[in-house]
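Number of protein chains: 2
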Amino acid sequence: MDTKEIKIIAFDADDTLWQNEVFFREAEDKFAELMAPYMGKEQSINVLFSNEMKHLHLYGYGIKGFMLSMVETAMDISKGTISAEKIYEILEIGRRMMNKPVELLDDVESIFNQLNGKYRIILATKGDLIDQERKLYKSGLEKHFHHVEVMSEKKEEDYRKLIRHLDIEPHEFLMVGNSMKSDIIPVLNIGGKAIHIPHEITWQHELVEDGQEVKASYHQLDRLSDILPVLR
Amino acid sequence: MDTKEIKIIAFDADDTLWQNEVFFREAEDKFAELMAPYMGKEQSINVLFSNEMKHLHLYGYGIKGFMLSMVETAMDISKGTISAEKIYEILEIGRRMMNKPVELLDDVESIFNQLNGKYRIILATKGDLIDQERKLYKSGLEKHFHHVEVMSEKKEEDYRKLIRHLDIEPHEFLMVGNSMKSDIIPVLNIGGKAIHIPHEITWQHELVEDGQEVKASYHQLDRLSDILPVLR
Numbered sequence: 002m003d004t005k006e007i008k009i010i011a012f013d014a015d016d017t018l019w020q021n022e023v024f025f026r027e028a029e030d031k032f033a034e035l036m037a038p039y040m041g042k043e044q045s046i047n048v049l050f051s052n053e054m055k056h057l058h059l060y061g062y063g064i065k066g067f068m069l070s071m072v073e074t075a076m077d078i079s080k081g082t083i084s085a086e087k088i089y090e091i092l093e094i095g096r097r098m099m100n101k102p103v104e105l106l107d108d109v110e111s112i113f114n115q116l117n118g119k120y121r122i123i124l125a126t127k128g129d130l131i132d133q134e135r136k137l138y139k140s141g142l143e144k145h146f147h148h149v150e151v152m153s154e155k156k157e158e159d160y161r162k163l164i165r166h167l168d169i170e171p172h173e174f175l176m177v178g179n180s181m182k183s184d185i186i187p188v189l190n191i192g193g194k195a196i197h198i199p200h201e202i203t204w205q206h207e208l209v210e211d212g213q214e215v216k217a218s219y220h221q222l223d224r225l226s227d228i229l230p231v232l233r
Numbered sequence: 002m003d004t005k006e007i008k009i010i011a012f013d014a015d016d017t018l019w020q021n022e023v024f025f026r027e028a029e030d031k032f033a034e035l036m037a038p039y040m041g042k043e044q045s046i047n048v049l050f051s052n053e054m055k056h057l058h059l060y061g062y063g064i065k066g067f068m069l070s071m072v073e074t075a076m077d078i079s080k081g082t083i084s085a086e087k088i089y090e091i092l093e094i095g096r097r098m099m100n101k102p103v104e105l106l107d108d109v110e111s112i113f114n115q116l117n118g119k120y121r122i123i124l125a126t127k128g129d130l131i132d133q134e135r136k137l138y139k140s141g142l143e144k145h146f147h148h149v150e151v152m153s154e155k156k157e158e159d160y161r162k163l164i165r166h167l168d169i170e171p172h173e174f175l176m177v178g179n180s181m182k183s184d185i186i187p188v189l190n191i192g193g194k195a196i197h198i199p200h201e202i203t204w205q206h207e208l209v210e211d212g213q214e215v216k217a218s219y220h221q222l223d224r225l226s227d228i229l230p231v232l233r
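Residue numbers (our numbering), protein chains in the order written: chain A, 2 to 233; chain B, 2 to 233.
I should point out that these hints are in silico values taken from the structure, not numbers from a laboratory. What you are looking at is a predicted structure, and each value in this text was computed from that prediction instead of being measured.
Because identical chains share one entry, a pair is satisfied inside a single copy or across any pair of copies.
In silico lysine-lysine, DSS-like type, Cα no more than 30 Å apart, as pairs:
no., residue 1, residue 2
1, K139, K8
2, K144, K182
3, K80, K42
4, K5, K156
5, K182, K42
Let the sequences and hints guide you as you build the complete structure.
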């Protein structure tokens, strides 16, 4: 990777800068507990996932869509016999997720301070607008970003549009993220650069799809601060 | 209004370029019908509105938050006795809203063709990211916009941020929209220009707030195409 070419470094947010997926897993566990009288844990979570996938094109990513899918799944699994208390509890599970503090995954502030000036830093995050803005605000990191892009999808065309908007060439763009499917492969495919920092938990929807191939080289690092020696 | 100063015209989307509020009103009516065994129409809609307001800071604007508030309100109003069929129906009401075609409010295409070249045109819309992107896509208007900003709020600070991002001065910015509260007053207050095109239906949350004052002059027009003689 020719780091001298890089003008803009875009960071993914969820599970790259801060914890996210772990809260969805905790929520799924709580949901499965509520479903325990009707169905086993693994199966409940599978029905929930299939409802999430069914509505993803309409709901998009984020907590509200997840809440709507939990409500529907609870009706499905209980064959409509679920109690009002449990529906209220499902709504509370979602609102508690929204109210969680942000847990940064590394000393992000110091990393950004060392990069800023040398590179323009932006945030390129997929998800629900208000969820992502809320986390960004709570993170205290907003001041470091020259630009914040909340994207409804992270496919090749979405990155092409972003890079055009940033007024740079693809090879001047470096994406740093935890998802091969959303952060790395589409960026490499359009001629951009990428650094993959895997996270211990990955949502099954974010696993690499059949036919998605890595066609260029990229760095894989253990933790966010490892980008500093690469970019120096 | 000195139109020679204007560099960028930002259009609000919902109820400025296309119908929106009417679909929420239709959905509220359908919701109230489902609640009819428990409560009168007006009162049901009031309980729904109060739940929407209670969660607005967490859910933000858009159909998914509206759906979640309908589910909760149905539990509240029925004291938890609502049938599964009605909960499914409530979810369907929301998804049908998402699947509606876009109804443009005027010959927007032709209006944009006459403005583009002379001004840069952007979209500045408040709401849920995927809702707004879906409507923009269906509208066929995307190609006209130099920039699309989906905002979680439209307060003075949000406009300041947008105008900084656009790299212009406030007096070079013209906002066109139907909401005095969200499109006109905050823009005038930061030194921008505004054209108000009232829509027949306005959500009560979008009414001017106590203490919000109009401190500068603006145009009020009957329909979108009336902006052409003003801007010529």
